[in-house]
Amino acid sequence: AQSVTQPDIHITVSEGASLELRCNYSYGATPYLFWYVQSPGQGLQLLLKYFSGDTLVQGIKGFEAEFKRSQSSFNLRKPSVHWSDAAEYFCAVGPFGNEKLTFGTGTRLTIIP
Amino acid sequence: KAGVTQTPRYLIKTRGQQVTLSCSPISGHRSVSWYQQTPGQGLQFLFEYFSETQRNKGNFPGRFSGRQFSNSRSEMNVSTLELGDSALYLCASRDGGALGGLAKNIQYFGAGTRLSVL
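Note that the protein sequences, when read in sequence, are chains A and B. Quick note: the first sequence, position 78, residue 78 per the working numbering, numbers continuous. Offset between the second sequence (1-based) and the working numbering: plus 1000.
Keep in mind that a hint or two might mislead.
[Stated by the list, open to error] Okay, derived cross-link-like pairs now, BS3-like style, lysine-lysine, Cα gap no bigger than 27 Å in a straight line:
hint, chain 1, residue 1, chain 2, residue 2
1, A, K100, B, K1057
2, A, K49, A, K61
3, A, K49, A, K100
4, A, K68, A, K49
5, A, K49, B, K1057
Hints were generated in silico from the structure; no laboratory data involved.
Please model the complete structure; the sequences and the hints are all you need to start from.
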């Protein structure tokens, strides 16, 4: 069965500092991986996706993620966070058609001035 | 293009009642998936509809059902509500077609319907 693990429930970083959110997945076939962000009271917004090819993918809002097959990881990074990045971040894995995503439990990001 | 629209945004019901939630997908999208989000269980897949047919179903009791109309709009129904059904229900749409590759199969989410069962 497929699964996604986000080991960090809550992370606090200072504005302007770098950020890395961890994601590990378990999937029997070629994984299609996603990072979504959810602001309070809102739905999910897609930050970036990995299907194949270059293992370093760029997304919106200055985020990037690196796919490492050997480590079954898809960590999200940002070189310098902004107060507006405070939100909850979800890693997800899906099948070819992406009709059914399996999500991690999320990482809540707090930004301090 | 307008995004995924879910109505209503908030609902309060009592145990034993039933509820219907609505989702209008992005224009041209033929697939609609539903998810339940709770603090305890996180985001869980409920079911997916494509061209008015349910193609995938998650591990939820039969009290949870859905349908899709010819214009791709979808409704989700929960009967005999229980306290544990209190959650944010999210709808996601995607093109769903085989042509156009994987990029056309990204799921775009609505803002959700917050259901509170008292």
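Taking the hints in turn, this is what the structure says about them:
As the CA atoms of A/K100 and B/K1057 are separated by approximately 9 Å, the hinted pair is consistent with the 27 Å bound. At most 27 Å may separate the alpha-carbon atoms for a hinted pair to count; A/K49 and A/K61 meet this at roughly 14 Å. A C-alpha spacing of about 15 Å is found between A/K49 and A/K100, which places the hinted pair at or below 27 Å, so the restraint holds. Between A/K68 and A/K49 the alpha-carbon distance is near 14 Å, which keeps this suggested pair within the 27 Å criterion.
Restraint check: the Cα-Cα separation between A/K49 and B/K1057 comes to about 24 Å, which is no more than 27 Å; the hinted pair holds.
Against the hints set out earlier in the document, no violation occurs for any number.
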